[in-house]
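The chain contents come next:
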Amino acid sequence: MFRSINSSQGALITIYFEGKALNVSKDCNVATALLEAGINNFRETTLNNASCGPYCMMGVCFDCLININGLDNQQSCTIQVSDGMKIKRQVINALGKDE
Amino acid sequence: MNSAEYDIVIIGAGPAGISAAILADQHKASALVLDENCAPGGQIYRAIEKNQNNDNEWLGQGYQDGLPLVETFRRSRVNYQHSAKVWHLSNTKMVHYSVNGKSHSVQGRQILIATGAQERPFPLPGWTLNGVMSAGAAQTLLKESGVVCEDAVFVGTGPLLYLIAHQYISAGIPIKAIIDTTPRSNYLRALRHSFGALKNTKSILQGWRWKREIIKSGTLYISNLGDVRINGPDSVTSVEYFQKGKWKNISCKHVFLHQGVVPEINTSLSVGCDKSWNEKQACWTIDVDQYGQSSIKGISIAGDASSIAGGVAAAQRGSIAALNMLYNLSLISSSDKEVLLKPFKKKLDKEMIARSFIDTLFKPHLRYRVPQDSETIVCRCEEVTLVQIQESIDLGCKGPSQLKSFTRCGMGPCQGRLCGLSVTEILSKELGTQEEQVGYYNIRPPIKPVTLAELASSDEP
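One line per chain: the protein sequences are A and B, in this order. The opening position of the first sequence corresponds to residue 462 in this note's numbering, with each subsequent residue numbered one higher. The opening position of the second sequence corresponds to residue -2 in this note's numbering, with each subsequent residue numbered one higher.
Simulated from the structure, these hints should not be mistaken for lab results. Heads up, the beta-carbon is just placed ideally off N, CA and C, and yes, glycines get one too. Among the clues, some could well be false.
What the hints assert, rightly or not - Simulated DEER-style distance windows between Cβ atoms:
id : chain 1 : residue 1 : chain 2 : residue 2 : range
1  : B       : P443      : A       : G545      : 27 to 33 Å
2  : B       : E2        : A       : Q470      : 55 to 61 Å
3  : B       : G57       : A       : Y477      : 35 to 41 Å
4  : B       : K343      : A       : N502      : 49 to 55 Å
5  : B       : Q369      : A       : K481      : 40 to 46 Å
6  : A       : Y477      : B       : E276      : 46 to 52 Å
7  : B       : T448      : A       : M462      : 47 to 53 Å
8  : A       : K481      : B       : G393      : 48 to 54 Å
9  : B       : F239      : A       : K547      : 43 to 49 Å
10 : A       : N484      : B       : G98       : 22 to 28 Å
11 : A       : M462      : B       : S292      : 47 to 53 Å
Given the sequences, and given the hints that come with them, work out the whole structure.
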């Protein structure tokens, strides 16, 4: 389980993952916010349909790709959360079509 | 609309990039710093300004040492663009980047690539399972948001692995186990370089103290082992390691992997800079002269982006490269350059003294760089396994670029960053040729995935 040990959390905002509201610190990136909420299954891999989540957290590996506000392939470790953001698990098969 | 023009365009705002920018500003050069992060500091000093509001001394002095540098940078007149993704650098020194989905182009008279390091790939069986992250990721989470993960297993070698484990223990976060893959024989080999190490005892003693405190904390510490594998099926359920003739199992949900850092070479290679295989660090390094000048005129590289030497050295290398660029721009004389260089050169030399010792001690064993198990995934993006690479070799595949056509290995969004080194070493071993001859992927622009909408939004005429 991931959790924050910082003394000051700052203001909270609401984001949505698969329709479920999550109250998260406004000062963090999408990948961190989801990990803290106990979510680490961000997408299905394109070939093996394996569950996949963040690996490097510094914009190198692209494992943390996710659907944000209707757009696929968003690099969630490099994107800051914003109020009302709608996030969905990304499922794209090898032919590039949404299932 | 004409694109903006700067004397110096710097890619990356880690210690190398910001040190260069500070000097450029002091000598009246116009400078732009393009940075992928949302605040200056790079990976080593990530979120350092934000962390001043938090009571978190566990991050350590080595981290806090970066604050004056970042503050000086903030006070300078240098143009700083955060959250900028550089996707093309041309050999005419034109830099194309995008911010918030919109593209921009800028012309530099001199370019400094200061894109730093990334973690070395660690292709173990099960390293793609959900719940496996790099130890660098654990550090990023801690610095950026104070986020920690209890009861994780840390696997690997290198100063950063001890650093993060020490930070966790200092913050009172329980670690399930540390599986130290440093080969036993490295200790003996490193001894031969200990003369240098003795001249810079500070960093060596610090590493030794971290390790001692980790063991003293009662954390399960395992060393002298063989193969390691991570078990699933979907998410991590356990880590296994081979020791004294049998497999031993530790059940866990989270694993952090680390076996050193290697230069971020994609930016330099895409513009055509020459590279060489560095046997000591088992990675590619970009060829630069003593001032950081690459094989392409007007393009310099500073810090870990050319070869690994660490954050303190990066700051000196950034300053040295800046002085050389200022000379190239005729903003300082040749004699001024040599005089101004001296303090940075002196500090750099001191940092480099212990390098051989560190490189030798923490060089990961070949069994962790070249997978042993044929079903191990080498390319995470395209899910290409070792056996698929071996089959391609049997069919006549001779190099990394050909391997792309055979298997799509290295053709996913990370553009080979997480498989390229493994591929060079696998091909070298299987074909019986030197890494230098095997080569690397041909890196072409765009060097970061960019959408057509982003390209179309370019403000270039």
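Structure-based check of each hint:
1. B/P443 to A/G545: 27 to 33 Å: holds (31 Å)
2. B/E2 to A/Q470: 55 to 61 Å: For B/E2 and A/Q470 the Cβ distance comes to about 43 Å; the hint is violated.
3. B/G57 to A/Y477: 35 to 41 Å: Once the Cβ atoms are compared, 37 Å apart, the range 35 to 41 Å for A/Y477 and B/G57 holds.
4. B/K343 to A/N502: 49 to 55 Å: holds (51 Å)
5. B/Q369 to A/K481: 40 to 46 Å: holds (42 Å)
6. A/Y477 to B/E276: 46 to 52 Å: holds (51 Å)
7. B/T448 to A/M462: 47 to 53 Å: Violated, at about 35 Å.
8. A/K481 to B/G393: 48 to 54 Å: holds (52 Å)
9. B/F239 to A/K547: 43 to 49 Å: Since the Cβ atoms of B/F239 and A/K547 sit about 46 Å apart, the hinted range of 43 to 49 Å holds.
10. A/N484 to B/G98: 22 to 28 Å: Holds - the Cβ-Cβ distance for A/N484 and B/G98, about 27 Å, lies within 22 to 28 Å.
11. A/M462 to B/S292: 47 to 53 Å: Given a distance of about 49 Å, which is inside 47 to 53 Å, the answer is holds.
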